[in-house]
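J.: Each chain, letter by letter, is given below.
2 protein chains.
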Amino acid sequence: MPLADTKLHDPAAAADPTTKDRILLAAEELFAAEGFEKVSLRAITQAADVNLASVNYHFGSKDALIDAIIENIVTPINRERIERLDALESELDPDKTLPTRDILDAFLRPLVIVIKESDLSEQMFFRLMGRCMAEPDYRMPESVVPQFQNVVQRFSTAAARSLPTLPPDLIVWRLYFTIGTLLQSLMHIEALNTFSGGKAGEPSLDDLLTRIIDYCIGGFEAPVSNSK
Amino acid sequence: MPLADTKLHDPAAAADPTTKDRILLAAEELFAAEGFEKVSLRAITQAADVNLASVNYHFGSKDALIDAIIENIVTPINRERIERLDALESELDPDKTLPTRDILDAFLRPLVIVIKESDLSEQMFFRLMGRCMAEPDYRMPESVVPQFQNVVQRFSTAAARSLPTLPPDLIVWRLYFTIGTLLQSLMHIEALNTFSGGKAGEPSLDDLLTRIIDYCIGGFEAPVSNSK
DNA sequence: TTCTGATTCAAACGTATGTTTCAAACAACC
DNA sequence: GGTTGTTTGAAACATACGTTTGAATCAGAA
Numbered sequence: 056m057p058l059a060d061t062k063l064h065d066p067a068a069a070a071d072p073t074t075k076d077r078i079l080l081a082a083e084e085l086f087a088a089e090g091f092e093k094v095s096l097r098a099i100t101q102a103a104d105v106n107l108a109s110v111n112y113h114f115g116s117k118d119a120l121i122d123a124i125i126e127n128i129v130t131p132i133n134r135e136r137i138e139r140l141d142a143l144e145s146e147l148d149p150d151k152t153l154p155t156r157d158i159l160d161a162f163l164r165p166l167v168i169v170i171k172e173s174d175l176s177e178q179m180f181f182r183l184m185g186r187c188m189a190e191p192d193y194r195m196p197e198s199v200v201p202q203f204q205n206v207v208q209r210f211s212t213a214a215a216r217s218l219p220t221l222p223p224d225l226i227v228w229r230l231y232f233t234i235g236t237l238l239q240s241l242m243h244i245e246a247l248n249t250f251s252g253g254k255a256g257e258p259s260l261d262d263l264l265t266r267i268i269d270y271c272i273g274g275f276e277a278p279v280s281n282s283k
Numbered sequence: 056m057p058l059a060d061t062k063l064h065d066p067a068a069a070a071d072p073t074t075k076d077r078i079l080l081a082a083e084e085l086f087a088a089e090g091f092e093k094v095s096l097r098a099i100t101q102a103a104d105v106n107l108a109s110v111n112y113h114f115g116s117k118d119a120l121i122d123a124i125i126e127n128i129v130t131p132i133n134r135e136r137i138e139r140l141d142a143l144e145s146e147l148d149p150d151k152t153l154p155t156r157d158i159l160d161a162f163l164r165p166l167v168i169v170i171k172e173s174d175l176s177e178q179m180f181f182r183l184m185g186r187c188m189a190e191p192d193y194r195m196p197e198s199v200v201p202q203f204q205n206v207v208q209r210f211s212t213a214a215a216r217s218l219p220t221l222p223p224d225l226i227v228w229r230l231y232f233t234i235g236t237l238l239q240s241l242m243h244i245e246a247l248n249t250f251s252g253g254k255a256g257e258p259s260l261d262d263l264l265t266r267i268i269d270y271c272i273g274g275f276e277a278p279v280s281n282s283k
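Listed in order, the protein sequences are those of chains A and B. With this note's numbering applied, the first sequence closes on residue 283, and no number is skipped along the way. With this note's numbering applied, the second sequence closes on residue 283, and no number is skipped along the way.
Since the list gives no way to pick out one identical chain from another, each pair is judged satisfied if it fits inside one copy or across any two copies.
No farther apart than 30 Å at their CA atoms in a straight line, the calculated lysine-lysine pairs in the DSBU-like style are these:
| # | residue 1 | residue 2 |
| --- | --- | --- |
| 1 | Lys171 | Lys75 |
| 2 | Lys93 | Lys117 |
| 3 | Lys75 | Lys93 |
| 4 | Lys117 | Lys75 |
If you're looking for bench data, these hints aren't it; they were derived computationally from the structure.
Make the full structure from the sequences, and use the hints.
T.: Rendered as structure tokens:
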């Protein structure tokens, strides 16, 4: 039994990585750079310096490899989200509610933490995350669906308690808008500078997260339009 | 010379569509449903009931077909955005500024209008739009880059005038967050109901746009965190 | 050492893709 | 009506893919 991991996610942790880990690492980088569909097993195994057949031997198929990678990334993020929300709620005065900022921070920051601990560049990492949501034929691995259901349930009830004037279904939508803001924004940083002519500058990842949280707090707490 | 189009975007407008239009229509639907990479020219030409070679004859290559489709969708949206902003600014009292809601409405609503006029289902359409931003190997066609630059420039200056307390680069970022909120949200409506256990309901497209605009107004006008 | 199960390896298989070819069909003009 | 340029058609081309195969190699227990 190995020592407890201090990192949330790191397939290259071992000093002498196994074939399986070499595949995972190389595949993460390539998938992030070019997408699940476009990267061939030959490209992966060549980058990992392993035999072509080893992917099918260790994972069964390319699809199963993709599932394993998604699971490896998403699971620690969701675990960290729940832990942070647990911590916030356990320290909370029972007759008070959590500030929106704390809820959103607990929701968004684990993503940034995993990036910093990963061996992927920021851009690569977010592209990979974004693909988990946007890939053409994407179906989420069964194993992570209950995770996400739990996360959505916990955070939306926490937000509903803090923002009792908002209808519950709107809470879910706004949580969803928040995910979109984070993922889409971070996926296309370079595109933004293309369109803005460099006006957007290049804020650090922490500055960017602050800007995103500010924006999402405003969106979350926004008054409900009286239309409809 | 044909009559002026009343629709912003409609490749199937002709009563007896040409081979080129048949290809465009079928390709739009298939790309939206399954992604640029996954849809083969054989699938497209079969759906369009044209010969396989006609894609390369009329468009030159599959990539050129993709570019043409993106251009067909994006151009009328950006034109409508600029026209709406022009109208708002021409009616504006010179010593007043535009409400954030009006700016965001002019920015976001053209997307929804194009959906309604398109022959694609809402979901299909947004998937196609989302792919324009998220596809693995995606490179924007050169022809639409200046369009987007113009849109970003116009809308960010309008927003900067209305929100003079915000630093200009933050304006650009918040405009970008807004795009992300719209695209990502509308791309994954069904995923949301998977995770929320149906709590999100199924609002109409107009209700959804209202919710998005509410959220984005809040985000746009949110106070700037004093961190950093 | 010898045997056994797990892993690696080079090669091949079957299939699907984008593209090209070139003859046939068509349309428009003198 | 015949000619010319454009468009369609069926077939083939070259390539790339995920997967499978079966022998070779390795590691560890008997």
